[in-house]
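Visitor: Letter by letter, the chains look like this.
Protein chains: 2
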Amino acid sequence: MPKLTERQKLILALVIRSYIETAQPVGSAHLVRRFNLDFSSATVRNEMQTLTELGYLRQPHTSAGRVPTEEGYRYFVRQLMGQSELPVATKHTIAHQFYQAGHDVDRWMRLAASVLAHHSQAASLVTAPHTEQARFKHLELIATHGRQMLMVMVLSGGDVRQQMLSLAEPVSQEQLSAAAAKINALCQGLTPEGLAGVTAQLDVLEKDVIKLVIDDMRRSQDILGGEVYRDGLTHVLSEPEFAEVDVARKALRILEERSLLEDLLARTIMNDAIGGVQVLIGGEGTWEELRDCSMVLARYGVPGLATGTLGVLGPIRMAYGQTISTVRYVAGLLSDLVVDLHAE
Amino acid sequence: MPKLTERQKLILALVIRSYIETAQPVGSAHLVRRFNLDFSSATVRNEMQTLTELGYLRQPHTSAGRVPTEEGYRYFVRQLMGQSELPVATKHTIAHQFYQAGHDVDRWMRLAASVLAHHSQAASLVTAPHTEQARFKHLELIATHGRQMLMVMVLSGGDVRQQMLSLAEPVSQEQLSAAAAKINALCQGLTPEGLAGVTAQLDVLEKDVIKLVIDDMRRSQDILGGEVYRDGLTHVLSEPEFAEVDVARKALRILEERSLLEDLLARTIMNDAIGGVQVLIGGEGTWEELRDCSMVLARYGVPGLATGTLGVLGPIRMAYGQTISTVRYVAGLLSDLVVDLHAE
DNA sequence: TTTAGCACTCTCGCCTCGAGAGTGCTAAAT
DNA sequence: ATTTAGCACTCTCGAGGCGAGAGTGCTAAA
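The listed protein sequences derive, respectively, from chains A and B.
The end of the first sequence is residue 344 by the numbering used here, with every number in the run present.
The end of the second sequence is residue 344 by the numbering used here, with every number in the run present.
One thing to keep in mind: the hints can contain errors.
Identical copies go unnamed one by one, so any copy, or any two together, can satisfy a pair.
Claimed, not checked - Derived SDA-like pairs: lysine to any residue, alpha-carbon spacing no greater than 25 Å straight-line:
(1) K250 / A23
(2) K9 / Q59
(3) K182 / T144
(4) K250 / S114
Treat the hints as calculated values from the structure; they're not laboratory data.
All chains should be modelled from the sequences, with the hints used to inform the complete structure.
Guide: Structure below.
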């Protein structure tokens, strides 16, 4: 990796900035005019030539301006961009919206998707926090009709799960309540593994229930078991790079197909630390699906307790600074939410 | 509304069938060849001319084939198409998938969206059943930490709602349980209005809780308060009529923006009977947003108990027969689910 | 090392033109 | 009175040609 001179860095950064704004290849003369550079277009041309040889720029055709390559964007994001922060006023506005939503996870998720989409002018996605180490907190059994009953279960973090089921024979509400009370007393704070250990002390009905509880807790630990929130899908269609419908379709498929998404998230962000923001530029060679787009991803939450993922999908020509800081900030807010929900 | 001769009906139907298949304007000669008609292309031309004058067909330009107008599609759907049914085998496959999902509403909704999208090759949307006359069933109060507590509430139909809240001062789990028990005993089966009447007999804590319960029940009655499930968004991008990105964007906006959707559903399907399928072709003059698309909508559920909406969004050139029967069948299945959930 | 000058290249929009498809009319046939 | 063959006419669509404009890369001077 050869070192760039300061002037080369400057020019690369300016080309990228200009291209992100206009989506047009940028020419040497245009650059000096636009940014009042104190060296001439000929100099810029020379520098551009070496930047092209280094693989950071390319020309769509012989006599057009230069366009950043993916490698160019990566260099920009890693070395040139610096850490930008959202303006304080913006942060306040966002935080205010969130805190108005109380402790309603669903509203937070929707809001997060909406804020991300709006501030990055791209498509966003947010996964609900999924409990990594679910702990049993409370169980309720409610008779509804004949042998039908409703099981409602509260896990650590306020995760509520419900299930309807038919029993072998009718059971009164009193019996159900007693069973629930016994289980509640016995199982406080246990993990699924722990729960499996207490079944010995229970009778048939209670054993059946516990089995369901364990199943359900296990299910709550699936990465994408919970809901996936999306927003701003129409934004990506506004970008000129998605004027080709097939390109747009490929991009939307990433967000729509759970299996793709799952694979993607599993292989990138899941083995990453909380707090970091990961930037995927143009598929990085491995992801055919997002050859023409970039993603900015982050995890939020508390490792070992509950975590989730959020991110943005847009064209490679993306305002990375703005997007990265938005993603980072929202991830922080969602982490706060997780902490609050698990406070104990 | 002038009466069409049988031959005119035949030709209109064939033009539409052909156009739905190929998306190409259909010419007179092409039509006789394709369907082995026993009259000549000149005759077809004459009939097409009168169909054009009647407003059922039009020509994109002087010397192209004919294309159905929206009026033409409407006539086709109302008069010519007949009631088509899904093949029994298909029905079985679909039903089987659903019954494997147990009583899990979330899974049913996802499945419904997926089935609709798949069988109509278009975008689908399904709203979760929303309780029309919510009745109180069960309440649970769980202390979590300090003055924080979690309220879990079960409504008729197995609708579970949860909320986290901070109390003015710490309250023990015993006190909370007692309060919940009292409310449960007192409020069984009441509507929000009924609940407002019993507050006199309660102390401060219980009154506060009841107030939240009423709020939450009211919220559960919002038309679009629940989740909206979508699928097959990429399908619409495959259709040639959405090759123009702006057209595609307008279509996707309908599905993405809650406010648009809410307005749309409120003004069309909500005052319609269960079991009927409503077909909106090309905006019908009122809906600018869906000038270029059609929707097939239906309500499902039990009026007075819980209902929801489901439907499909696709190009005007849509296989209405297939789509309508799919929508009707899935609506029936979802209605069965609602009945099951409310069985009592 | 930087810059002015200049020839060269390539795209893009615009035009033209011919092929092809499909129509509408007229006159003959049934 | 319908239906049909025949034919002139219209319009789109794609291919090819052409000129303007933008931007480059090189060379030679500063």
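Visitor: All hints are to be evaluated individually against the structure, with a verdict given for each.
Guide: Results of checking the hints against the structure:
1. K250 / A23: Both ways: K250 and A23 sit 20 Å apart in one copy and 23 Å across, limit 25 Å.
2. K9 / Q59: within (18 Å within a copy, 58 Å between copies)
3. K182 / T144: both (20 Å within a copy, 19 Å between copies)
4. K250 / S114: Cα proximity of K250 and S114: in one copy and across copies (22 Å, 18 Å).
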